[in-house]
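Chemist: Here are the chains, one letter per residue:
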Amino acid sequence: MSFAFTPERKRLFKELVKRYPDKRSVTLPALHLAQEQEGYLGRETIEALARMLGSAPSTLMDTVSFYTMFTTRPRGKYLLQVCQTLACSLAGADQVVDHISKRHQIKVGETTPDGKFTLLKVECLGSCGTAPVVQINDDYYERLTLDKVDRILDKLA
Amino acid sequence: MPLLKIDDQTFEVPKGARVLDEALKAGIEIPHYCYHPALSVVGSCRMCAVEIDGIPKLQTSCSTLVGELPPEKKFEGQYDMVVHTRSDKVVAARKSALEFLLLNHPLDCPVCDQAGECLLQDYSFKYGHAHSRFIEEKRVRPGEDLGSGVVINQNRCIMCTRCVRFTREITGTHELFVENRGNDNRIAVFDGHPLDNPLAGNVADICPVGALLLKDYMHTTRVWLLSHTPSTCTECTTGCSITVDGAKDRIYRIISRENAQANGHFICDYGRYAFHQYEDDVLTTPQLKDGAEWTEISWEEAYQQVVDRIGEYGGQQAVRALASPTFPNESNYLLGQLMNQLTDKKSIALLPVKQQEDQVFPMGFRISGDKGGNHRGARDVIHNLAAGTQSFHKGDLGVLIVLDGDGRGEITESIERLFAAAPFTVVLASNRSDITRLADLVLPVAGPFEREGTVTNDQGLVQWLQPAVQLKGQARPDWQVVAELSQALIGEGAMYTCAGDVTWKINQTIEAYSQITRFKIGKFGQFVESAA
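Chains as they are written, first to last, in our numbering: chain A, 24 to 180; chain B, 3 to 534.
Just so you know, these hints were derived from the structure itself, not from any lab.
Cβ coordinates follow ideal geometry from the N, Cα and C atoms, glycine included.
Please note that the accuracy of each hint is not assured.
[What the hints assert, rightly or not] Straight-line C-alpha distance at most 27 Å; calculated DSSO-like pairs for lysine-lysine:
#, chain 1, residue 1, chain 2, residue 2
1, B, Lys27, B, Lys356
2, B, Lys27, A, Lys144
3, A, Lys139, A, Lys100
4, B, Lys27, B, Lys128
5, B, Lys27, A, Lys130
6, B, Lys250, B, Lys27
[What the hints assert, rightly or not] Quick list of the computed label-pair ranges, beta carbon to beta carbon:
#, chain 1, residue 1, chain 2, residue 2, range
7, B, Thr286, A, Thr86, 51 to 59 Å
8, B, Asp193, A, Ser48, 24 to 32 Å
9, A, Ser48, B, Lys59, 56 to 64 Å
Just chain A, with the same shape it has in the complex (with noise of 0.2 Å):
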C-alpha cells in the first residue's frame, strides 16, 4: 500500500515547502499532514514522506517516535485520551481510565476488537478548572463523572 496525499494536502504540502529554505524544515507539518489523513504513519508512509522531504526513513522515525503525538499503529475511530496530571488525577481521573477499561475490555494503549475506542493516558490538557478532562478526537468532554462517561459513550458507540 503506498501512500499519496489528497489533492488538497498536496497543495498544503507544497505551500508549507515554500516557506522554509531547507525542505526538511517542513518534516513535523508533514507529519501532522499524514497522519491526519491516513489515521497513522505506517512504514510505507514513512518512506514516501522521507522522499518527498529529501530525508531519510530512519531521520523521521527517529521524530515520529520521539513524539506522543504521532502513531505508527493505527488507532480507533475515537481516541479516548484521558488527561492524568495533578489536577485530573485528584478529580478521579484514574477511575474514569479503569471505567473505561472495563467497559470496553481494553488496557491503556489498546484499541477494541471492533476498531471503535482506542484508550490513552495523556499528560496536561490544560484545563484543570474543569477536571478530570477527556478529549476525544479533538474535543473535550469536562466535568466528568462515571455516568457522564457512560452516556458519552453510548452516544458514540
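Given chain A, work out where chain B should sit, using these hints.
Modeler: Showing chain B alone in chain A's frame:
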C-alpha cells in the same frame, strides 16, 4: 594566539581550538564517550565536563572552544581560558555522570567482548561506586541483528549516538537512528532498511562500550590475549593504516588505525574481513606439478628446478617475469633487478588485478577501485617495466616467474596466452589461487599479513607492512625467496638479511625513494618525492 591553561600546563592555541582536543593532544586525560574527532559534537554523555574559571557551572570540554579575551580581562593577566580537569568538583561530576550512564548497564564485563578496551569499564573502576544505589529493576531488552555483520546489545548501550552520527555524517546512508525517548531510548534501524554499507564495521570500532559488536569477532577471544600489530592494508590502493589483532598464527580481527595521511579514522569492511580470504588453501611447501598431481619438494630442489628449466628452455635471455601489484616493494624490486640482469630486454611486466569503480563517501572516505594495493610502488621500483606482455611472445619464451595477485590477479586473455605459451611457470604465492593453478612450480611465500616491507598507496604514501602472524609451514618471506632465486641464478642476493636491507637498497638506487627509510616511514608513512 589565545593562551590556554589546563591544570598546570600552558598552551598557545589557535582561536576556536577545542578544549578537549588540546587536552588530549597534551596527554591530559579527560574521560569522554560521545565525542569522536571525526564526528559532529553533541555533548550528550557529560563525562568530559571540566571547570573553567569565570563560568559558574561545569562545561563540556568537547563543545567548549577557546576564544580571545581583551587584555584587561585576561585571567592572571595573561590567560584567555583557565581549565581545571582534576578539581573535586570535576571528579564529583564524573562520578555522577557515570552513575547515570550505568543505571541500566548490566555490568556483564566477564562475558563482554569490549572488556579490556572499554572506557566505561576503565572509568567505572576509577570513578565508579562499588555498589549501585539504583534499587529499581534494570531495563532489560533483547539483542538485535542490525545487518552487515553488526549486532547490538541494547542493555550495554549508553546512547552516545556515535554510531547514528557515523551513518549520517560519514557514510551518508542514514540507517541508524534513536528510537523513542527518555527511558525507552534505543538505537534502531528502520523496518526493512538494515545497516547496509561497506563501512558498517566501523560502528563497532567507535562504540565506546560493548553495545555494537561484530558477529565475526564476537566471543572468539579476549582482547588482552591479542598482540596488536600496526600494519597497512593492501586490499586496495587507498592503503589504510590498520591494526592487526592476532595471536600466534591466527588473526582474530583487523581494526582501523588512525592516520591522517592515509585513511583518517576508518577502514572499509572489505579490508576489515580480508584476512579470512587467506585462511584456506594455504601453501606450506614448494610444490612441483607432475602431470595432474602436485609433488611436495624441498626448497633446494625447487631452486634447482628453476635453474635446470632455465637451462632447458632457452637460457637466461628467454626468462620473463610478472611482478605483482599486491606484493610489497621489496620483492617486486628484487625481481625487477633479477630480470634486468638475466636479460637485456624489457622482460618484466605487471600482473593485472581486478578493477572496480571507486567508492567515495560524503566525508571523503574513498575505497579505491584498484585492488592492487601496491600498484604505484610496483611501478616505481621496477626498472624497464614492460607496459604489457605482448613483447614477451617475440622470440624465445622460456621460464616465466610470477608473483601472485593474492586472489585478485586477473587472468585476462593475454595472461592466459602467456601462461599457455611459457614452457615452465614458477609462481610465488601464499595461497592457492587461479594463478597458482596454472603454474608448474609453486613456491610458498608470506601472505599479506605475514609480509614485511614497504607499500606505496596511490597518493605516493609509503607505509610499512608489519608481519602480524607466523609464516605457515615452510613458507618463506617473499623478498627472501626472490633473493634466494637471484642467488641461485646470478649469484646475487645473499647479501640481504632482512626486508629492511632491501628497503635500504631501494632508497639507494631509486631516485624517488631517496627519502624513504624505515625510520622516516615510522607509524604513519612517508611520501615519495614527486618527479618534479
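Chemist: Against this structure, judge whether each hint is valid.
Modeler: Outcome of the hint check:
At roughly 41 Å between alpha-carbon atoms, Lys27(B) and Lys356(B) are farther apart than 27 Å, so this suggested pair is violated. Between the alpha carbons of Lys27(B) and Lys144(A) the distance comes to roughly 51 Å, so the proposed pair goes past 27 Å and is violated. In summary, the hint linking Lys139(A) to Lys100(A) is supported, as the alpha carbons are separated by about 5 Å, within the 27 Å threshold. Of the supplied pair hints, the one linking Lys27(B) and Lys128(B) holds, its CA atoms being roughly 22 Å apart against a limit of 27 Å.
Distance check on the hinted pair: Lys27(B) and Lys130(A) sit about 56 Å apart at the alpha-carbon level, beyond 27 Å; violated. Under the criterion of a C-alpha separation no larger than 27 Å, the hint pairing Lys250(B) with Lys27(B) is inconsistent with the structure, at around 34 Å. A beta carbon spacing of about 58 Å between Thr286(B) and Thr86(A) agrees with the range 51 to 59 Å that was offered as a hint. One distance hint, 24 to 32 Å for the beta-carbon pair Asp193(B) and Ser48(A), holds here, with the actual separation near 25 Å.
Between Ser48(A) and Lys59(B), the C-beta spacing of about 32 Å breaks the proposed range 56 to 64 Å.
In this structure, the hints that do not hold are numbers 1, 2, 5, 6 and 9, in rising order.
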